[in-house]
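K.L.:
Residues per chain are reported as follows:
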Amino acid sequence: NAGVTQTPKFRVLKTGQSMTLLCAQDMNHEYMYWYRQDPGMGLRLIHYSVGEGTTAKGEVPDGYNVSRLKKQNFLLGLESAAPSQTSVYFCASSHGPSMRFGPGTRLTVT
Amino acid sequence: SQQGEEDPQALSIQEGENATMNCSYKTSINNLQWYRQNSGRGLVHLILIRSNEREKHSGRLRVTLDTSKKSSSLLITASRAADTASYFCATVPKGGATNKLIFGTGTLLAVQP
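The listed protein sequences derive, respectively, from chains A and B.
Per the numbering used here, the first sequence starts with residue 1, numbered consecutively.
Per the numbering used here, the second sequence starts with residue 1001, numbered consecutively.
Simulated from the structure, these hints should not be mistaken for lab results.
Take these hints with a grain of salt, some might be off.
[What the hints assert, rightly or not] These stretches of chain B come out as covered by chain A in the derived footprint (C-beta under 8 Å, 3 or more residues):
hint: 1; segment: 1016-1028
hint: 2; segment: 1071-1078
[Said to hold, decoys possible] Some residues of chain B that are not near chain A, with every Cβ distance over 10 Å (derived):
hint: 3; residue: Asp1007
hint: 4; residue: Arg1060
hint: 5; residue: Leu1061
hint: 6; residue: Val1092
hint: 7; residue: Lys1094
hint: 8; residue: Lys1100
hint: 9; residue: Ala1110
Heads up, the beta-carbon is just placed ideally off N, CA and C, and yes, glycines get one too.
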């Protein structure tokens, strides 16, 4: 199985543009997460989901929206991108206490 | 805010030496986990230690947990060049949402061949 996959791998946006990051997992995990990673700050939780049709805010949710219409997919949307959202975005999923991470999406907002 | 802080921020050792990195956290926890991140890649789970455990081993990894000091250490024995990576501790706060991990800022380990 592929584990956790993320699309796209890289993206450059102009300020004010919108985009959606797609995360997919084939392990039938209930929980899914979106983190962002910035230099010197570790990973910070943006939003998470404890099951299909549910979403909840994490530590840094402002400027992002999410949806979990299907159990295997978790979408992260940026409605109006800002330079402060330049980061590497990681999706993760879990069933037990440990997480399985995707390879990341490197987003640059100019 | 970050729950965990790793120390040191960066560590450089020779192949074959042991590497020790430390993690301190702020609130009571259910468990503490260590993850590895190779450059440009996602994080990989290494080991989990529960709040009622004091030490755990997995291959060349040894993790200790001192809940009275709110600290943990990760020891990698007989290091290899392939161990070069960033290492993060992550905690699940007691009473917090299950599986909602809070990550520290990481230790960058460089193992020189």
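K.L.:
According to the definition I'm using, a residue is off the interface if its beta carbon is farther than 10 Å from all beta carbons of the partner; does Arg1060 (chain B) meet that for chain A?
P.N.:
Fine: 19 Å to the nearest Cβ keeps Arg1060 (chain B) off the interface.
K.L.:
Would you say Leu1061 (chain B) is clear of chain A, with no C-beta pair closer than or equal to 10 Å?
P.N.:
14 Å, holds
K.L.:
Report holds if the minimum CB distance from Asp1007 (chain B) to chain A is greater than 10 Å, and violated otherwise.
P.N.:
Correct as stated: the minimum Cβ-Cβ distance to chain A is 13 Å, above 10 Å.
K.L.:
Evaluate the condition: distance from the CB of Val1092 (chain B) to the nearest CB of chain A exceeds 10 Å.
P.N.:
7 Å, violated
K.L.:
Compute the least Cβ-Cβ separation between Ala1110 (chain B) and chain A, then decide whether it is above 10 Å.
P.N.:
17 Å, holds
K.L.:
State whether the coverage of the segment 1016-1028 of chain B by chain A holds or is violated, taking the criterion as 3 or more residues with Cβ-Cβ distances under 8 Å.
P.N.:
violated (count 0)
K.L.:
For the segment 1071-1078 of chain B, count the residues whose Cβ lies under 8 Å from any Cβ of chain A; is that count three or more?
P.N.:
It is violated: at least three residues are needed, and the segment 1071-1078 of chain B offers just 0 whose Cβ sits closer than 8 Å to chain A.
K.L.:
Is the Cβ of Lys1094 (chain B) more than 10 Å away from each Cβ in chain A?
P.N.:
13 Å, holds
K.L.:
Is it correct that the beta-carbon of Lys1100 (chain B) has no partner in chain A closer than or equal to 10 Å?
P.N.:
6 Å, violated
When the structure is compared with the earlier hints, violations turn up for hints 1, 2, 6 and 8 and for no others.
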